[in-house]
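As you go down the protein sequences, you meet chains A and B in turn.
Mapping to this note's numbering: the first sequence position 158 is 158, numbers consecutive.
Mapping to this note's numbering: the second sequence position 191 is 191, numbers consecutive.
Simulated from the structure, these hints should not be mistaken for lab results.
Glycine included, each C-beta is placed from N, C-alpha and C at the ideal position.
Hints are all accurate, no fakes.
Covered by chain B, per the in silico footprint, the following chain A stretches (three or more residues, Cβ under 8 Å):
(1) 44 to 58
(2) 231 to 242
(3) 245 to 255
Chain A residues, not near chain B, derived (Cβ > 10 Å throughout):
(4) Pro89
(5) Ala186
(6) Leu215
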Amino acid sequence: MPAIARARLLANREVAPGHYRMDLACPAVTEGALAGQFCNLLMPGWPLTVDPLLPRPMSYHSLDHAAGRFAVLFQVVGRGTALLSRLEPGDGVHVVGPLGRPFPLAAPDPWVLVGGGVGVAPLLALAQAGRARGASLEVLVGAQSAPRLLAVDGFRALDLEPRLATDDGSAGFAGFVTDLLARRLADGARYRTVFACGPVPMLRRVQALATDHRLSAYLSLEALMACGVGACMACVRPVRRDGEAAGYLRLCVDGPVVAAGEVVFD
Amino acid sequence: MTAREVSLAVEVGGVRLKNPVVTASGCAGYGREYARFYPLARLGAVVVKSTTLEPRLGNPPPRVVETPAGMLNSIGLQNPGVDRVISEEIPWLREQGATIVVNVAGFSLREYAELARRLDRVEGVSGLELNISCPNVERQGTSFCTRPDTARDVVRVAREATGLPLWVKLSPNVADIGEMAQAVAEAGADAISLINTLVGMAIDVDARRPVLPRGTGGLSGPAIRPVALAMVYRVAQVVEVPVVGMGGIATARDALAFLLAGASAVAVGTASFSNPVAAVDIVEGIESYLREQGFSDVRAFVGLANPDLRAPRGVTPARAGPRPGGSPGGPAPPACPAAETPLGQEEGPG
Chain A
1 MPAIARARLL
11 ANREVAPGHY
21 RMDLACPAVT
31 EGALAGQFCN
41 LLMPGWPLTV
51 DPLLPRPMSY
61 HSLDHAAGRF
71 AVLFQVVGRG
81 TALLSRLEPG
91 DGVHVVGPLG
101 RPFPLAAPDP
111 WVLVGGGVGV
121 APLLALAQAG
131 RARGASLEVL
141 VGAQSAPRLL
151 AVDGFRALDL
161 EPRLATDDGS
171 AGFAGFVTDL
181 LARRLADGAR
191 YRTVFACGPV
201 PMLRRVQALA
211 TDHRLSAYLS
221 LEALMACGVG
231 ACMACVRPVR
241 RDGEAAGYLR
251 LCVDGPVVAA
261 GEVVFD
Chain B
1 MTAREVSLAV
11 EVGGVRLKNP
21 VVTASGCAGY
31 GREYARFYPL
41 ARLGAVVVKS
51 TTLEPRLGNP
61 PPRVVETPAG
71 MLNSIGLQNP
81 GVDRVISEEI
91 PWLREQGATI
101 VVNVAGFSLR
111 EYAELARRLD
121 RVEGVSGLEL
131 NISCPNVERQ
141 GTSFCTRPDT
151 ARDVVRVARE
161 ATGLPLWVKL
171 SPNVADIGEM
181 AQAVAEAGAD
191 AISLINTLVG
201 MAIDVDARRP
211 VLPRGTGGLS
221 GPAIRPVALA
231 MVYRVAQVVE
241 VPVVGMGGIA
251 TARDALAFLL
261 AGASAVAVGT
271 ASFSNPVAAV
281 DIVEGIESYL
291 REQGFSDVRA
301 FVGLANPDLR
311 APRGVTPARA
321 GPRPGGSPGG
331 PAPPACPAAE
341 TPLGQEEGPG
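Here chain B stands alone, though its shape is the one from the complex:
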């Protein structure tokens, strides 16, 4: 056991993170609420709530319902719109010293392009995360995320509109997650984040109708963690861009499992609802685990449980041309793990 430093810094698709833990979009607003509990600069990044071109009121209540080891939400993308996010939220986040990734959601290709364009040169924005799970109003409301061609189109138009690093957030509600990942990577995604929520429903038996006014909602929380882990593992085998893993991560051991599956970073969402400092606890837990296990660099830990890993281990592969958004760099990861400790423990309920 040594007290030496563990390097936690990773680079995810051109976004430099001081550690591999970020907030999951939609679970931490624009950071203000959790800043009452911890300094936002403690995290790798704040990934803000899905931001749309126009302000959105959101769905009528009830908007959430608790389910076994999880919850369904149907918030309806309530947000103040991109212009107010740029004028009010991002400057405030910059003052907090946070690394900022702006999650954007559009209802047409034009909207994604316009969002990317408006955020392109905003001071303090390190990257964009594309929420492609929205209905495409130009195609009878089919979600962009359900087909490789429509997902690819979103990435392409955003890519043309900005030099910022693009993370593309995939929905698990698809037949072949690997095919979706390949499609968005080919279209120019710098990183892939997954999973978004699973479609679910709860029915009020006595009232004889769905609990949520819109019927279905998005399932999150520990209930979806095994699904998320399997999908991260799969995607990390088929793409050469970094992966940000999320879905039910509540503890450092959960996060470590995602890193082992091949994620370069993880996002913490629903866990913050019962533990407001969950994300910071996870940063500290990862650091102490790696130290105990003799790792000096988290990047050497990424993918160790995934022999067929193709995704890079917390670094961005060299790309042609300059990037306005972030600069690749930092020391190369060690070629092999710094420790020989076998990592045979199962993630468990603790």
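Only chain A is shown next, with the shape it has when bound in the complex:
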């Protein structure tokens, strides 16, 4: 049952150029939240201000259920995220959550978590949950360049050493994170489940690799959303079941985590 509550902002740090990690205290929207789910951050000034109007959906990046705290990781892409980036510790933010479907934690391990750019956001929470249930897991983090690699310290805090990939070769593997995944698979890495989040071309490649290597794969997808609760039908994505077109999924309630085999990217 999602809650609507006012969260207290604990920290809002620019962790890479144009990327912010916001830490919030809000037991009501942390309780019961699972990795892969998201929350709607309402615009600063809500409900008195109406511009920008719509909530900004954000994956849980880190979850601390005992402390009633969570974090989100976001890139400034427009007015709404710019306003959120300027909030300071002590400010209040209204949040609706938890929303959406989580990653399936019962998926067989070893897992490999593949994040591209800000798509790494939900994977840290997944790594936390995986650690808690004793799953064997490996993390691949990709970005354009070394300064844009996100959440690396967060994974290290879980005693995980993420394998890095940068498009320009400034850190780790030189190339896309999906090239790194292909290399790991070719080298005999024995994964059973892939979890991925990132830009569409990256997810399409993960989908293909998972098919080729007969791995279970779950993708966390993004879409423009309005309500975030399933009512408005805005955030749809075409899907196929058993190889046939099966209409649209609402990513806010039928996702954002979707089995890779169901997703149609074209």
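Given the coordinates of chain A, assemble chain B onto it according to the supplied hints.
Structure of chain B alone, referenced to chain A:
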């Protein structure tokens, strides 16, 4: 200041509402999503998403784009079709204790008639709302809502097919909203709801094309509220049926402004996207405001800012003949406001 009861019940074109706040069609699906946030029975009614004769897949994404103080949508009437709505959604809504108004959309007069016929004796349906903003496939895709004669035809065929109360939802994308209101009232509308969304567009400058695949979409949200308010005010002066006001209502004060303009009830739509409990907040806000101001009945508040009001104040005028759908009744509204408090405050940003 007294703690006495404020009567919020209104009757809108034969549909009895326990309070004057309903969901705006298309913004609350069939109620299931918001039932996770509040009991649907708290509202005057749930006006469900536009329902068509056949199931509809809807438009390809992206389907929405945010605009200043509002949003454009191009959902494409995605819905499971009337038969599944009757077999699955309406029984569930009845279990929730909700008052149900089914919004229907047709692409020909035959479809409107068939929709009205299929819903006519469905248990739990208190009324229909006709979405007349769809393209008429028999007339080169011109919307029914753009001309008085085609709008009148829709109401007439629906009227012949059902005894249920008919609310007719008007589009603001017309030259003379008063003329449209008169046309549908003459054709048998029991109430008029307005406004539907305004036609709008957003263009992605870098991509050099419209953001929405179909080019235009429907503008909703606070950006359209002044337009909606002016149209409600106008329509309430020219018809003798009740008006349901909507368009950017986000707070109780917004809703109160529509009641003052002459709406007997209001619908809350886009506001629910940023505040899932907006509609319930508005019910509570209306009640507390009226109590503070010394009103014992919301119907005495309707139209107070509109000296030339013709629309009834939250009641249905007596009509000849029995109505299968709802029964007029309830106490007559007081002839004058229960309080002398001047209502001079502007609606503002709070």
